[in-house]
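Listed here are the chains, written in short residue letters.
There are 2 protein chains.
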Amino acid sequence: MIGIFDSGIGGLTVARALMDHLPGYDIVYFGDTARTPYGSKSSKTVIDYSMEDSEFLIQQGAKIIVMACNSASSVATECITRRFDVPIFEVITPAVEMAAHFKKEQRIGVIGTRATINSGIYERKIKEMDPDAKVYSIACPLLVPLVEEGWLKKPETRMIVKKYLYPLKVRQVTSLILGCTHYPLLKTIIQRKIGKRVNIIDSSLAISGKVKAYLDGHPDLDKVLNKSGMFRLFVSDITEQFEKTARYILKKSVRLEQGGI
Amino acid sequence: MIGIFDSGIGGLTVARALMDHLPGYDIVYFGDTARTPYGSKSSKTVIDYSMEDSEFLIQQGAKIIVMACNSASSVATECITRRFDVPIFEVITPAVEMAAHFKKEQRIGVIGTRATINSGIYERKIKEMDPDAKVYSIACPLLVPLVEEGWLKKPETRMIVKKYLYPLKVRQVTSLILGCTHYPLLKTIIQRKIGKRVNIIDSSLAISGKVKAYLDGHPDLDKVLNKSGMFRLFVSDITEQFEKTARYILKKSVRLEQGGI
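Residue numbers (the working numbering), protein chains in the order written: chain B, 1 to 261; chain E, 1 to 261.
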């Protein structure tokens with residue numbers, strides 16, 4: 001099956017996009033809710049946790065691992081790819097490719113957690129693909145707790161989004177990468193605050209397209225993936241709030257299983 | 001020495017208050033920054049973590065443990081008291097005693113994390129001490145991330161505090177317990193939004209008074225506590241943001257040591 005992990009709930013936006021792109025494929029998800037969030041922690045800690053998360057998914061029978069967490073993708077991809085023998089997908093590159101695709105000499109904004117932005121990975125990858133692009137990055141650490149609280153449409157959330165995006169608006173970005181899998185849930189507010197002409201790049205859509213293309217090109221791997229429509233949702237800590245937000249994201253009822261660390 | 005633990009940074013308000021009440025006493029602090037916050041996690045997970053935190057402090061030579069975390073105090077006090085042979089102090093009771101002290105038939109508001117409020121512990125303890133008191137509790141999960149980001153005086157923070165406190169203001173509470181060690185850092189805003197006549201009970205002050213009184217009554221224990229003015233600050237994950245906020249709370253430069261889990 002396809003394994004997905006995230007620090008918590010945000011990666012479910014990737015799970016949902018994968019279900020749309022690859023209907024029927026068996027998926028096992030692990031959310032490390034006992035240690036969430038990753039985005040404010042050090043690289044070393046995020047790498048250690050990501051290794052354990054991947055190990056757990058492999059034990060569950062994952063033949064592909066999707067790191068549905070930008071903080072983990074930013075700092076742990078190399079270690080995980082070296083350690084495990086299955087294809088590893090991270091969320092950064094697909095979003096950057098999608099952004100670079102629009103046009104030349106563009107001004108790309110990136111928003112993410114502190115861990116992701118401090119790693120500088122989006123900037124490096126964008127410059128590799130389009131050396132003329134101007135990149136402006138902003139860490140938005142309060143957006144994750146706002147999403148996890150379900151404050152998706154509150155005026156306070158709109159004010160905070162506006163405040164974070166202001167420096168990007170002033171620089172008239174042409175594209176904006178949502179560099180955190182929680183942010184697609186705030187897409188409407190973000191689009192309104194940054195301006196309707198700005199291309200919003202949703203990394204959950206970008207990565208699921210990438211996984212589908214990979215499987216199309218690797219029929220041997222595709223053959224061994226079960227397609228019974230099973231979805232298992234493991235978390236390291238079961239809370240009512242997680243269940244509520246999970247139901248909201250997946251638009252169906254979910255059964256949480258205790259697992260992982 | 002005196003051991004203090006918290007899920008992260010909030011307990012430093014207790015450390016600071018202890019330094020004021022018991023100047024010169026050696027203190028070892030542990031902030032579980034690799035797994036912070038506790039307040040949105042399940043009781044089982046908070047108990048497991050609190051046991052490990054206490055174990056670590058004992059290994060460092062703590063002769064007293066102060067649980068400077070309301071979420072831990074709410075759910076883990078019994079387990080920790082049963083397991084360890086040193087005096088254990090939790091932050092709930094001292095704050096409740098302080099609130100009950102004011103007058104009879106009062107209306108007490110309590111704000112805290114979701115774990116603390118869901119445990120119902122403040123309500124139970126207040127009713128034990130003052131059966132006529134009316135208690136109104138509100139979970140304010142976004143205040144911890146706002147404090148950890150250092151957004152102590154921003155208009156967005158003022159709006160969010162106002163929104164959380166509104167139901168308590170309507171009920172005309174006479175006292176308000178700050179049931180989370182992060183909240184003293186927002187005391188000015190909280191006082192302004194709830195009204196200047198409301199008694200604000202700061203649990204960090206309440207508990208440090210309690211520890212001092214205990215040591216006055218137990219000279220044998222007091223004698224074995226070193227008083228060289230040493231302060232060791234361990235965290236399970238070292239980040240720049242923690243260092244910055246720690247400096248702000250303690251009003252002096254700090255040296256973080258990696259430790260714990």
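Simulated from the structure, these hints should not be mistaken for lab results. Treat each hint with caution, since some may be false.
Identical copies carry no separate label here, and so any pair may be met within one copy or between two of them.
[Stated by the list, open to error] Below 27 Å or equal to it, Euclidean Cα-Cα: the simulated BS3-like pairs (lysine-lysine) are:
id, residue 1, residue 2
1, Lys162, Lys193
2, Lys244, Lys44
3, Lys63, Lys134
4, Lys169, Lys125
5, Lys187, Lys163
6, Lys169, Lys227
7, Lys104, Lys244
8, Lys134, Lys244
So, going through the hints one by one against the coordinates:
1. In this homomeric assembly, Lys162 and Lys193 come within 27 Å of each other (Cα to Cα) both inside a single copy, at 6 Å, and across copies, at 24 Å.
2. With identical chains, the CA atoms of Lys244 and Lys44 are at most 27 Å apart between copies only, with a shortest distance of 19 Å across copies and 31 Å within one.
3. Taking the shortest Cα distances, Lys63 and Lys134 never come within 27 Å of each other, neither inside one copy (37 Å) nor across copies (57 Å).
4. In the homo-oligomer, the alpha carbons of Lys169 and Lys125 lie at most 27 Å apart inside one protomer (22 Å), although the nearest pairing across protomers, at 51 Å, exceeds that limit.
5. With identical chains, the CA atoms of Lys187 and Lys163 are at most 27 Å apart both within one copy (15 Å) and between copies (24 Å).
6. Neither within a single protomer nor between protomers do Lys169 and Lys227 lie at most 27 Å apart by alpha-carbon distance, with minima of 44 Å and 55 Å respectively.
7. For the identical chains of this complex, Lys104 and Lys244 are neighbours neither inside a copy (42 Å) nor across copies (40 Å), given an alpha-carbon limit of 27 Å.
8. Taking the closest pair of Cα atoms, Lys134 and Lys244 never come within 27 Å of each other, the shortest separation being 39 Å inside a single copy and 30 Å across copies.
Of the numbered hints listed earlier, those contradicted by the structure are 3, 6, 7, 8.
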